[in-house]
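Participant: Residue numbers (our numbering), protein chains in the order written: chain A, 1 to 116; chain B, 117 to 228.
I should point out that these hints are in silico values taken from the structure, not numbers from a laboratory. Mixed in with the good hints there might be a few duds.
DSS-like mimics (lysine-lysine), calculated; alpha carbons at most 27 Å apart, straight line [as the list claims (entries may be wrong)]:
no.	chain 1	residue 1	chain 2	residue 2
1	A	K3	B	K153
2	A	K13	B	K158
3	B	K174	B	K184
4	B	K158	A	K71
5	B	K158	A	K3
6	B	K227	B	K184
7	A	K18	A	K53
8	A	K18	A	K70
9	B	K153	A	K57
10	B	K187	A	K57
11	A	K13	A	K57
Listed here are the chains, written in short residue letters.
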Amino acid sequence: DVKVTQSSRYLVKRTGEKVFLECVQDMDHENMFWYRQDPGLGLRLIYFSYDVKMKEKGDIPEGYSVSREKKERFSLILESASTNQTSMYLCASSSSFGTGRNTEAFFGQGTRLTVV
Amino acid sequence: GENVEQHPSTLSVQEGDSAVIKCTYSDSASNYFPWYKQELGKRPQLIIDIRSNVGEKKDQRIAVTLNKTAKHFSLHITETQPEDSAVYFCAASLSGGFKTIFGAGTRLFVKA
């Protein structure tokens, strides 16, 4: 059973703080993703990674950075949190079976971040 | 980049009726089209997917169709039940890449 675990379910941070959201998967997946979910906007891709130390910008990378030092862990960093980054953040992972074929994404339980 | 549009944003049906959700995508190189269901307070989970070499796929009460020429794909749920009530997301992935772009979601209400 695939497990994607996010370090926190709820977080409250102050404007200007540096925030770390952690995600760990236990299925040796190559691909990992960070999305934010807002009402009416669906799931918007922030960053993704297809290998250790590799990262690619998604559609809304501004104000965020990521780190993937180990295959199983993908961290999302808010350099200086702002109120417009209040949202639900979802991490996901998927396998490419080494062939480049995209496969099912498994999601974490989400982190609801509130920036005050 | 890839863009996925999903309609309608909200859909209300009577139990037993069918529900249809439609998506269009912009990049003709996309080759993988999954559908996810997200129940209230839970994480999205895959319910069905289709690849670009197939026009239709069915799994019990749910089916997905793909029209590559028109760049649109649809989810069909037959004999809807109250437990089908959820938010449904379509998505598209680019060939040779790993970026998965989601639609904005459809909130489905099935009235008993």
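Participant: Look at each hint and say if it fits the structure.
Facilitator: Verification of the hints:
{"no.": "1", "hint": "A:K3 - B:K153", "in the structure": "holds (18 Å)"}
{"no.": "2", "hint": "A:K13 - B:K158", "in the structure": "holds (23 Å)"}
{"no.": "3", "hint": "B:K174 - B:K184", "in the structure": "holds (18 Å)"}
{"no.": "4", "hint": "B:K158 - A:K71", "in the structure": "holds (25 Å)"}
{"no.": "5", "hint": "B:K158 - A:K3", "in the structure": "holds (14 Å)"}
{"no.": "6", "hint": "B:K227 - B:K184", "in the structure": "violated (33 Å)"}
{"no.": "7", "hint": "A:K18 - A:K53", "in the structure": "holds (21 Å)"}
{"no.": "8", "hint": "A:K18 - A:K70", "in the structure": "holds (21 Å)"}
{"no.": "9", "hint": "B:K153 - A:K57", "in the structure": "holds (25 Å)"}
{"no.": "10", "hint": "B:K187 - A:K57", "in the structure": "holds (24 Å)"}
{"no.": "11", "hint": "A:K13 - A:K57", "in the structure": "holds (24 Å)"}
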